[in-house]
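Novice: Next come the chains, spelled out residue by residue.
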Amino acid sequence: MANKFSILSDAELMLHLQQGEALAFDELYTRYSKPLLGYFTRMLNYDKEKAQDALHDLFLKVIEKPELYDRSKSFRTWLYSIAYNNCKNHYKHWGIVKDAHDELKHTETVLDERFFTNAAAKIDAKEFRKALNDVLGEMPVDKKTTFVLRYQQDHSLLEIADIMQCSEGTVKSRIHYTLKTLAEKLQIFNPLI
Amino acid sequence: MVMENKKNELDELLKNAMQFTKEEEPEPAAHIHQSLRKKVEQRKKHKNVFTTILRFMNADIKLYHAGLAVTAVAVVFILLRPVAPTPTTTDNGVGGTQVADTAGNCNSLKQDSFLVKNFSTSFY
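Those protein sequences? They're chains A and B, same order as listed.
Everything in the first sequence is counted per my numbering, starting at 1 for the first residue and increasing by one.
Everything in the second sequence is counted per my numbering, starting at 1 for the first residue and increasing by one.
These are calculated hints, taken from the structure and not from any lab test.
Be a bit skeptical, because a hint or two may be false.
[As the list claims (entries may be wrong)] List of simulated lysine-lysine pairs, DSSO-like, C-alpha gap at most 30 Å: (1) B:Lys22 / A:Lys130; (2) B:Lys62 / A:Lys34; (3) A:Lys180 / B:Lys62; (4) B:Lys44 / A:Lys73; (5) A:Lys185 / A:Lys50; (6) B:Lys44 / A:Lys172; (7) A:Lys130 / B:Lys15; (8) A:Lys73 / A:Lys130; (9) B:Lys39 / A:Lys61.
[As the list claims (entries may be wrong)] Which residues of chain A face chain B? A partial, calculated answer using Cβ under 8 Å: (10) Gln19; (11) Pro35; (12) Leu37; (13) Gly38; (14) Phe75; (15) Met164.
From the three backbone atoms N, C-alpha and C, an ideal C-beta is built for every residue, glycine too.
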């Protein structure tokens with residue numbers, strides 16, 4: 001049964017949450033817990049326990065410091081920016097942060113999009129998905145985040161730029177770099193190359 | 001146009017590949033939801049208990065507020081202070097007020113001793 005909170009906007013729900021309204025929290029949790037868990041699962045290399053912990057930490061921050069949310073901005077963007085910073089900390093902890101600027105070297109190269117379109121028709125979807133995950137698992141956190149936000153979470157380039165505190169051009173550049181890396185590493189799936 | 005179509009196909013392919021299948025789709029743990037929910041409810045309780053104190057602690061107090069408070073406390077102190085009972089009559093029937101009134105006007109020794117006697121009577 002839908003409660004009165006289901007029709008409220010995220011910003012309105014946050015106001016109720018600040019006043020300790022558990023039903024408002026339920027509604028926000030219902031809206032965002034699943035996609036965020038998907039994001040964490042992918043970003044933390046399918047470590048389900050860590051993903052659940054990260055989800056818990058994120059919502060804990062929302063509950064304990066709701067005043068940090070600027071109501072003039074998108075709640076979803078705010079949530080994902082917390083999630084992104086959380087993942088970045090995990091990656092720092094693992095010591096696998098790679099040079100965030102090396103994509104600049106690749107921006108001038110031309111991406112062969114035919115690879116993917118040919119592959120779309122011929123490859124085994126399951127195998128492709130597995131290989132794609134493997135390649136993404138080795139990517140630096142910034143590029144992986146950009147790719148996951150774009151293709152898994154369906155964010156716009158502008159939203160991604162807001163989440164990652166960078167320009168839209170940088171987002172495009174990172175996506176281009178990632179697509180190029182994928183095209184190189186997943187050649188096995190393209191019989192034409 | 002052709003490029004645009006290819007780009008859309010590429011987007012579709014990658015979006016499909018990036019989605020979880022039904023089997024692998026992660027589900028948020030119920031205990032996490034419950035523990036977080038409790039924290040929200042605790043926040044409500046805390047709000048009721050501590051709001052007044054917090055509001056007071058964050059109040060913007062001006063100098064005239066302090067002045068008014070000091071005046072109010074002083075007025076209350078003066079009004080409520082215990083007053084010593086004033087004797088109205090003495091043993092020899094002379095009124096206490098009378099004794100005090102005569103104190104400034106006495107010249108003779110006889111009058112003085114009368115006053116001293118009267119004073120000590122009223123004092124003890």
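Novice: Please name the hints from earlier in the document that this structure breaks, with their numbers sorted from lowest to highest.
Specialist: Hint check: 2, 3, 6, 8, 11, 14 and 15 fail, others pass.
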